[in-house]
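J.: One-letter residues, chain by chain:
2 protein chains.
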Amino acid sequence: MAQFQATASAPVNIACIKYWGKRDTKLILPTNSSLSVTLDQDHLRSTTTSRADPSFEKDRLWLNGKEEDIKDGGRMATCIAEMKRLRKQEVEDKQPNEPQVVSLFFVTYLTLKLTSCPKLSSYHVHIASYNNFPTAAGLASSASGFAALVSSLAQLYALPVSPSTLSLIARQGSGSACRSLYGGFVAWEQGTRPDGQDSLAVQIAPQSHWPDMHALICVVSDDKKGTSSTSGMQRTVETSALLQHRIAHVVPQRMAAISAAIKSRDFDAFAKVTMADSNQFHAVALDTEPPIFYMNDVSRAIIALIVEYNRVSMEKGLGRRAAYTYDAGPNAVIYTLKENVKEIVELVVKYFPQRDGFKDVFGLFGEAGVQGKVVEGFNEAVAKEFEAGAVKGLIHTKIGDGPRALGAEESLLGEDGFPKTLAA
Amino acid sequence: MAQFQATASAPVNIACIKYWGKRDTKLILPTNSSLSVTLDQDHLRSTTTSRADPSFEKDRLWLNGKEEDIKDGGRMATCIAEMKRLRKQEVEDKQPNEPQVVSLFFVTYLTLKLTSCPKLSSYHVHIASYNNFPTAAGLASSASGFAALVSSLAQLYALPVSPSTLSLIARQGSGSACRSLYGGFVAWEQGTRPDGQDSLAVQIAPQSHWPDMHALICVVSDDKKGTSSTSGMQRTVETSALLQHRIAHVVPQRMAAISAAIKSRDFDAFAKVTMADSNQFHAVALDTEPPIFYMNDVSRAIIALIVEYNRVSMEKGLGRRAAYTYDAGPNAVIYTLKENVKEIVELVVKYFPQRDGFKDVFGLFGEAGVQGKVVEGFNEAVAKEFEAGAVKGLIHTKIGDGPRALGAEESLLGEDGFPKTLAA
Numbered sequence: 001m002a003q004f005q006a007t008a009s010a011p012v013n014i015a016c017i018k019y020w021g022k023r024d025t026k027l028i029l030p031t032n033s034s035l036s037v038t039l040d041q042d043h044l045r046s047t048t049t050s051r052a053d054p055s056f057e058k059d060r061l062w063l064n065g066k067e068e069d070i071k072d073g074g075r076m077a078t079c080i081a082e083m084k085r086l087r088k089q090e091v092e093d094k095q096p097n098e099p100q101v102v103s104l105f106f107v108t109y110l111t112l113k114l115t116s117c118p119k120l121s122s123y124h125v126h127i128a129s130y131n132n133f134p135t136a137a138g139l140a141s142s143a144s145g146f147a148a149l150v151s152s153l154a155q156l157y158a159l160p161v162s163p164s165t166l167s168l169i170a171r172q173g174s175g176s177a178c179r180s181l182y183g184g185f186v187a188w189e190q191g192t193r194p195d196g197q198d199s200l201a202v203q204i205a206p207q208s209h210w211p212d213m214h215a216l217i218c219v220v221s222d223d224k225k226g227t228s229s230t231s232g233m234q235r236t237v238e239t240s241a242l243l244q245h246r247i248a249h250v251v252p253q254r255m256a257a258i259s260a261a262i263k264s265r266d267f268d269a270f271a272k273v274t275m276a277d278s279n280q281f282h283a284v285a286l287d288t289e290p291p292i293f294y295m296n297d298v299s300r301a302i303i304a305l306i307v308e309y310n311r312v313s314m315e316k317g318l319g320r321r322a323a324y325t326y327d328a329g330p331n332a333v334i335y336t337l338k339e340n341v342k343e344i345v346e347l348v349v350k351y352f353p354q355r356d357g358f359k360d361v362f363g364l365f366g367e368a369g370v371q372g373k374v375v376e377g378f379n380e381a382v383a384k385e386f387e388a389g390a391v392k393g394l395i396h397t398k399i400g401d402g403p404r405a406l407g408a409e410e411s412l413l414g415e416d417g418f419p420k421t422l423a424a
Numbered sequence: 001m002a003q004f005q006a007t008a009s010a011p012v013n014i015a016c017i018k019y020w021g022k023r024d025t026k027l028i029l030p031t032n033s034s035l036s037v038t039l040d041q042d043h044l045r046s047t048t049t050s051r052a053d054p055s056f057e058k059d060r061l062w063l064n065g066k067e068e069d070i071k072d073g074g075r076m077a078t079c080i081a082e083m084k085r086l087r088k089q090e091v092e093d094k095q096p097n098e099p100q101v102v103s104l105f106f107v108t109y110l111t112l113k114l115t116s117c118p119k120l121s122s123y124h125v126h127i128a129s130y131n132n133f134p135t136a137a138g139l140a141s142s143a144s145g146f147a148a149l150v151s152s153l154a155q156l157y158a159l160p161v162s163p164s165t166l167s168l169i170a171r172q173g174s175g176s177a178c179r180s181l182y183g184g185f186v187a188w189e190q191g192t193r194p195d196g197q198d199s200l201a202v203q204i205a206p207q208s209h210w211p212d213m214h215a216l217i218c219v220v221s222d223d224k225k226g227t228s229s230t231s232g233m234q235r236t237v238e239t240s241a242l243l244q245h246r247i248a249h250v251v252p253q254r255m256a257a258i259s260a261a262i263k264s265r266d267f268d269a270f271a272k273v274t275m276a277d278s279n280q281f282h283a284v285a286l287d288t289e290p291p292i293f294y295m296n297d298v299s300r301a302i303i304a305l306i307v308e309y310n311r312v313s314m315e316k317g318l319g320r321r322a323a324y325t326y327d328a329g330p331n332a333v334i335y336t337l338k339e340n341v342k343e344i345v346e347l348v349v350k351y352f353p354q355r356d357g358f359k360d361v362f363g364l365f366g367e368a369g370v371q372g373k374v375v376e377g378f379n380e381a382v383a384k385e386f387e388a389g390a391v392k393g394l395i396h397t398k399i400g401d402g403p404r405a406l407g408a409e410e411s412l413l414g415e416d417g418f419p420k421t422l423a424a
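Protein chains in written order, with the UniProt record's numbering: chain A, 1 to 424; chain B, 1 to 424.
Any given hint might turn out to be false.
No distinction is drawn between identical chains; accordingly, a pair holds when it is met within one copy or between any pair of copies.
In silico DSS-like pairs for lysine-lysine, Cα to Cα no more than 30 Å straight-line [unchecked claim]:
hint : residue 1 : residue 2
1    : K350      : K384
2    : K272      : K22
3    : K66       : K316
4    : K66       : K373
5    : K359      : K58
6    : K71       : K88
7    : K119      : K22
Because the hints were derived from the structure by calculation, they are not lab data.
Generate coordinates for the entire structure from the input sequences, incorporating the hints supplied.
T.: Quick look at the structure:
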């Protein structure tokens, strides 16, 4: 008996123009377009194996080895159902209903096609997914997770569709997941159709267009349980007096400005828009009743460092060379070009001593390691030096590619169709 | 020789609808109207003595015993010059230029008038001012300070003008000072005239209208030097994409809503608007390039306490019973009605233990003192308990009256025309 199985990995993406607000909560249609950078799967990824088998009694899913409940009508159920529907519509239904003997040649052909095209859409699936970054890191894993889910099913089902089409389905799992279907710089176009068929991801530029775009993730400790983005954004939609102005008058011009900055590789313009939009997202969160805060004093201090770093850089005529951005949590993601990463790591470590040392995956620092220091002309009084642990960790990564098809050796499911036990 | 001297005190005011942004930085004309509650001078006040004397060689001013430089064209010089101009225009110029002998009765009359109306506008002034609250408390003293300055000069000059007229001059010292010319609830109407003559304070309701309106000021420690409001607000005007929407579409309806809430003594509505406008002021500050933060983690925690306190209250059908508001710093001012002050002090002290104990000026707690506890049904997990000192002090006060004329025994100037040495 043939085994129908596929494994894919998908990347994390971090938005420069933020998604905050839905116009349709079931279909996950946003109130504004957004744009992100896809990060490198060599460092951060979700990996998912999907198998379809007539012996399976129901759809089941394990996340990091633990079975999740696939709720009827829930987001996972919707994505799986939509993928099965596409399989049927785009693959199975395009086969004739009944083999018809037209000629000897045709009989042979149809038989072969039918053999290579079983009715997988009618089988239940077992799905195992694994994130290579700890949940404690506070990085949203739903984007890479749903992108990997959809990608592995697309591979399993041999769907002849574009990543944009898959993004329509990933979007219904988690809005920002749609942007993880491409590498490089990716826009989620909000669309206007009530059925959401034009609310999808498009690639603005591939990774190869600006490969020096690096990212430093500062994982910030937080003792406060934050508001979930799902409930928070709808409270903003319902109560913020400023959000509609942002949607109608600010985001459209920022989408155009940052797309132009990316196309011309203008880091200063990219940074200006990225930071302004992070600020504005947190501003509308604060303009919500009751107000929502995601950044804390550590987040604020990191902003002060980047603002001062850029001030020095602009004074030298070099423009902005770093851009902070914050999602629905206190972690900072700092975009910068490869040539500046060393200075920025030194800067962050100076104010936020690291307990575990900096994991120098790009080999920037050699044996001396990170000292913790500021660039010349930097006003050290813009922030105080924090205790070790305020920034729990630093992850250095860069722009990356879209979902990858992985070989059978990467499978997360064993021969028995259940998750393998993974080494920690 | 007669002594021409007057002493006045003036109150602090804390805005519910925030002033943030000038359309004219010289005349201090705001981009939107604002509204505040005047606090009780029995607790927080600036006191100012002004003396005019032909022997003085220049205008001089001492603040808390230390001489300040009255810069040409600066805000203090403008206020003093404007007050002298009013003295001349409203008092001195209304006397005939030359005594004319028309009848015996008239000669006598004019002589008397001239004796009681010396040309004080031509004399230099010595001014001593004193704030009874420490600068370290982080309370803006410029509002009460300029209001006391203008009030003492108005008294010295025997000006037959309304507080609204005086507010035009105090406004040029410090925008929000204009609101300290009245007690109770005070609006600063933005006005439309380029010369600013309609940008003045009007009383919405006197103190006696809602005497149970109390305020608890939480003085919050901060290790970060904040952005001055003068420079901060203009950066917001120049760079925030949201401020213009706030000015044109949000503030006008909030001014109407809070005025109606005050008139009908509807605390729930008053609280809702007050908190929303505090949030929005900090939202547009954050929407500034680079972003401005005034609240810190302690401020955020106090918000979380008030939000939860109100949630419990609303669940009981009592509506909101507390309203936080934050100016350009981390201190919280909590408005509440007298009957709720005890609960709120207990709540704040539970999370923010006090080093020096609570100064119970209204005698609420008796011998047992403050225990630190929450109301029934309160979710204690909304904030963590902080170390003693995170909230440095609590000041309990209430709504108060406008500037007061004080007797000669309160004079801050000695017989020699120089500041008395004040006991600390």
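J.: A separate judgement is required for each hint: does it hold in the structure or not?
T.: Hint check results:
In the homo-oligomer, the alpha carbons of K350 and K384 lie at most 30 Å apart both inside one protomer (10 Å) and across protomers (28 Å), since each shortest distance falls under that limit. Taking the closest pair of Cα atoms, K272 and K22 come within 30 Å of each other both inside a single copy (26 Å) and across two copies (25 Å). For a Cα distance limit of 30 Å, the shortest separation of K66 from K316 qualifies neither inside one copy, at 53 Å, nor across copies, at 41 Å. Within a single copy, K66 and K373 get their C-alpha atoms no closer than 43 Å, and across copies no closer than 41 Å, so neither meets the 30 Å cut-off.
Proximity of K359 and K58 under a CA criterion of 30 Å is satisfied in neither setting, with 42 Å inside one chain copy and 67 Å between copies. With identical chains, the CA atoms of K71 and K88 are at most 30 Å apart within one copy only, with a shortest distance of 22 Å there and 81 Å across copies. For a Cα distance limit of 30 Å, the shortest separation of K119 from K22 qualifies neither inside one copy, at 35 Å, nor across copies, at 69 Å.
Consistency note: the structure conflicts with the earlier hints numbered 3, 4, 5, 7.
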